[in-house]
Amino acid sequence: MYICICKGVTDSAIREAVYQGAERMRDLKTCLGVAGQCGKCACHTKEVLDQTRKQQALV
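For the record, in the sequence shown the residue sitting at position 3 is 3 according to the numbering used here, with numbers rising by one throughout.
To be clear, the hints were calculated from the coordinates, so they are not data collected in a lab. Some clues are possibly wrong.
As the list claims (entries may be wrong) - With a Cα cut of at most 25 Å, we get these calculated DSS-like pairs of lysine-lysine:
hint	residue 1	residue 2
1	29	46
2	7	46
3	29	7
4	29	40
5	29	54
6	40	54
7	7	40
Make a model of the complete structure from these sequences and hints.
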């Protein structure tokens with residue numbers, strides 16, 4: 001599912017970035033460009049980030 005329409009970033013791309021080491025919104029903004037234009041995706045991006053980090057902690 002697309003999370004950031006401005007940059008064409010999907011939830012899968014966000015999860016992959018987290019698996020590759022992104023730990024904060026700042027990291028995702030740097031590597032994917034999310035929340036850098038209109039900012040409407042910031043809340044959903046943070047949700048995917050938090051969910052993915054929680055899943056990693058369980059493994």
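Results for each hint:
1. 29 x 46: OK: residue 29 and residue 46 at ~11 Å, within 25 Å.
2. 7 x 46: 16 Å, holds
3. 29 x 7: With a Cα-Cα distance of about 10 Å, the restraint between residue 29 and residue 7 holds, given a limit of 25 Å.
4. 29 x 40: 13 Å, holds
5. 29 x 54: 20 Å, holds
6. 40 x 54: It holds: about 23 Å lies between the C-alpha atoms, which stays within 25 Å.
7. 7 x 40: Roughly 12 Å between the alpha carbons, so the hint for residue 7 and residue 40 holds.
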